[in-house]
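Visitor: The listed protein sequences correspond, in order, to chains E and V. Residue numbers for the first sequence follow full-length UniProt numbering, beginning at 1 and rising by one. Residue numbers for the second sequence follow full-length UniProt numbering, beginning at 1 and rising by one.
No false leads were slipped in.
Beta-carbon label-pair distances, calculated as ranges:
#, chain 1, residue 1, chain 2, residue 2, range
1, E, 234, V, 61, 36 to 44 Å
2, E, 36, V, 115, 50 to 58 Å
3, E, 7, V, 124, 21 to 29 Å
4, V, 110, E, 89, 29 to 37 Å
5, V, 213, E, 166, 30 to 38 Å
6, V, 155, E, 166, 38 to 46 Å
Negatives, chain E to chain V, calculated, CB over 12 Å:
#, residue
7, 27
8, 33
9, 36
10, 44
11, 76
12, 137
13, 168
14, 175
15, 199
16, 219
17, 223
18, 239
19, 245
Partial selection, computed: residues in chain E whose CB lies under 10 Å from chain V:
#, residue
20, 3
21, 96
22, 101
Derived by calculation from the structure, the hints in this document are not laboratory data. A virtual CB, placed ideally from N, CA and C, is assigned to each residue, including glycine.
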Amino acid sequence: MVRSYVLLAWTWTRAATAYPVSFALMTVFGLVVAGMDLAVILIIFANTTSLGGFGREEVLFLYGTASLAFTLADLLFSNLDRVSQHIRAGSLDTVLIRPVSAWIQLATDRFFPARIGRVLQAAAVLWYAVAALELERLWMVPLMVVCGLVIFAALWTFAGALQFVLTDAPEVVNAFTYGSGAYVQHPLSIYGKELVRATTFVLPLAFVNWLPGLYVLGRRDPLGLPSWAGLLAPAAALILLALSGLAWRQGIRHYRSTGS
Amino acid sequence: MIELQGAGRSFKVKRQVVHAVQDLTFRVEPGEFVGYLGPNGAGKSTTIKMLCGILTPTSGRVRVAGLDPSRKRTTLARRIGVVFGQRTTLWWDLPLKDSFELIRLLYKVDRKLFASRLEEMVETLDLAEFLARPVRQLSLGQRMRGDLAAALLHGPDLLVLDEPTIGLDVVSKAGIRDFLQRTNAERGTTVLLTTHDLGDIERLCRRVMVIDHGRLGFDGTLEDLMAGQSSLEEVVTRLYTGSLQ
Ligand SMILES: Nc1ncnc2c1ncn2[C@@H]1O[C@H](COP(=O)(O)OP(=O)(O)O)[C@@H](O)[C@H]1O
Ligand SMILES: [Mg+2]
Numbered sequence: 001m002v003r004s005y006v007l008l009a010w011t012w013t014r015a016a017t018a019y020p021v022s023f024a025l026m027t028v029f030g031l032v033v034a035g036m037d038l039a040v041i042l043i044i045f046a047n048t049t050s051l052g053g054f055g056r057e058e059v060l061f062l063y064g065t066a067s068l069a070f071t072l073a074d075l076l077f078s079n080l081d082r083v084s085q086h087i088r089a090g091s092l093d094t095v096l097i098r099p100v101s102a103w104i105q106l107a108t109d110r111f112f113p114a115r116i117g118r119v120l121q122a123a124a125v126l127w128y129a130v131a132a133l134e135l136e137r138l139w140m141v142p143l144m145v146v147c148g149l150v151i152f153a154a155l156w157t158f159a160g161a162l163q164f165v166l167t168d169a170p171e172v173v174n175a176f177t178y179g180s181g182a183y184v185q186h187p188l189s190i191y192g193k194e195l196v197r198a199t200t201f202v203l204p205l206a207f208v209n210w211l212p213g214l215y216v217l218g219r220r221d222p223l224g225l226p227s228w229a230g231l232l233a234p235a236a237a238l239i240l241l242a243l244s245g246l247a248w249r250q251g252i253r254h255y256r257s258t259g260s
Numbered sequence: 001m002i003e004l005q006g007a008g009r010s011f012k013v014k015r016q017v018v019h020a021v022q023d024l025t026f027r028v029e030p031g032e033f034v035g036y037l038g039p040n041g042a043g044k045s046t047t048i049k050m051l052c053g054i055l056t057p058t059s060g061r062v063r064v065a066g067l068d069p070s071r072k073r074t075t076l077a078r079r080i081g082v083v084f085g086q087r088t089t090l091w092w093d094l095p096l097k098d099s100f101e102l103i104r105l106l107y108k109v110d111r112k113l114f115a116s117r118l119e120e121m122v123e124t125l126d127l128a129e130f131l132a133r134p135v136r137q138l139s140l141g142q143r144m145r146g147d148l149a150a151a152l153l154h155g156p157d158l159l160v161l162d163e164p165t166i167g168l169d170v171v172s173k174a175g176i177r178d179f180l181q182r183t184n185a186e187r188g189t190t191v192l193l194t195t196h197d198l199g200d201i202e203r204l205c206r207r208v209m210v211i212d213h214g215r216l217g218f219d220g221t222l223e224d225l226m227a228g229q230s231s232l233e234e235v236v237t238r239l240y241t242g243s244l245q
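Sequences and hints are given; from them, build the entire structure.
Guide: Here's what the structure looks like:
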């Protein structure tokens with residue numbers, strides 16, 4: 001699996017770097033776009049000292065963990081959201097005759113390494129926040145990022161699986177993945193309680209960085225969940241991943257190809 | 001090599017059920033060269049997609065190389081080669097030789113074995129002059145030769161071709177026919193071929209199956225199909241318009 005992924009991703013990387021100028025431009029462009037998210041946070045803190053009950057470094061910590069997980073998933077798996085394009089173009093047929101899982105082939109399809117710019121930006125912010133905060137439960141931070149990555153990978157898998165059914169509405173499906181990424185960039189205490197409950201128990205986005213983040217920061221959950229709830233993040237991530245895998249398989253089995 | 005028992009595939013189109021193929025039963029033994037004929041929309045491509053595991057049958061049983069294609073698709077992929085005349089299976093932006101190299105890695109073909117197979121393909125299919133060019137820059141004939149090589153580099157036991165000669169000029173067609181014949185004769189590769197070109201059938205296929213409206217109408221040798229008549233075209237025209245049998 002990993003071997004096939006790397007092989008295919010490397011192939012696309014070579015294809016992408018065949019045009020070095022556009023490659024460099026896209027990397028810089030990615031950095032600028034990601035920089036705007038960060039600018040919003042910094043502007044808020046130029047005028048106030050807390051957001052949703054959290055200080056500047058804490059907010060940057062939550063932003064950094066969420067962004068790092070999201071941008072990594074975006075780099076590695078976001079190409080899964082082009083399933084409907086492949087279905088309409090008929091290229092899914094050719095994917096399915098190869099001895100490598102369709103999931104890997106589609107995740108790496110047009111793998112675009114310029115997205116690494118945004119990953120680096122997120123990593124830098126997280127580095128800064130962690131250094132400023134002197135966290136006791138520092139060991140938990142890498143685990144948080146991995147769980148977040150798995151949760152977003154699962155979301156993209158769902159997004160891909162859904163497109164086997166909704167071949168005409170990929171934009172709706174993309175709103176769901178990118179919307180989730182934007183949602184967890186800020187402390188969830190700024191949102192309504194119902195929304196936070198839904199994204200804890202139904203779609204477990206709160207496990208990307210919010211609940212484990214509260215645990216790492218030693219903060220109480222404003223909604224009253226015990227602090228160990230953050231430790232359930234790996235379980236939540238794995239359950240979601242398993243469910244998305246099932247959905248993907250169903251999608252492939254119900255693939256209709258195109259009449260020709 | 002191939003075994004179908006009452007296999008069928010239907011599609012729901014706007015609340016109506018379209019039976020693309022139904023109740024197909026046939027066997028293909030190792031080493032055979034079979035032509036699969038039928039008018040447009042008869043169900044040829046659907047059958048082929050079921051054989052590769054792209055489409056899950058909605059009824060009956062399909063076995064290829066002893067495997068259920070839709071459940072063991074990636075395992076089966078190592079044992080069969082597939083060519084779609086209508087679209088390439090190669091990587092559009094990669095030079096042809098990079099596509100081949102990627103295939104070697106994905107199919108985990110031994111380096112030496114691969115090199116010798118590639119050398120043979122380059123020679124018999126005359127690939128040398130465009131090996132370094134991206135697939136999107138190839139002419140249809142060149143692309144098809146590239147696709148054929150790609151389908152055989154991992155040494156499959158079965159080669160399935162869906163209209164491989166579509167749109168090709170006579171010279172390209174002849175080259176591809178020669179190549180297919182040699183592959184079947186020298187390597188013993190089983191070949192299943194759909195085509196609208198009756199020349200392909202006359203030159204290559206000992207056995208012919210004719211499908212119409214999703215059902216198998218004829219399965220036998222080319223001589224039986226001709227039944228003493230001189231023109232394959234007439235025979236097939238009558239079969240397609242339903243005035244035979
Ligand atoms: N994905 C699909 N959705 C709906 N109908 C289809 C689909 N694929 C094939 N069909 C229908 O099934 C029939 C057989 O198609 P096909 O196998 O492509 O025929 P052939 O390859 O012999 O020309 C046609 O009537 C076609 O419209
Ligand atoms: Mg067809």
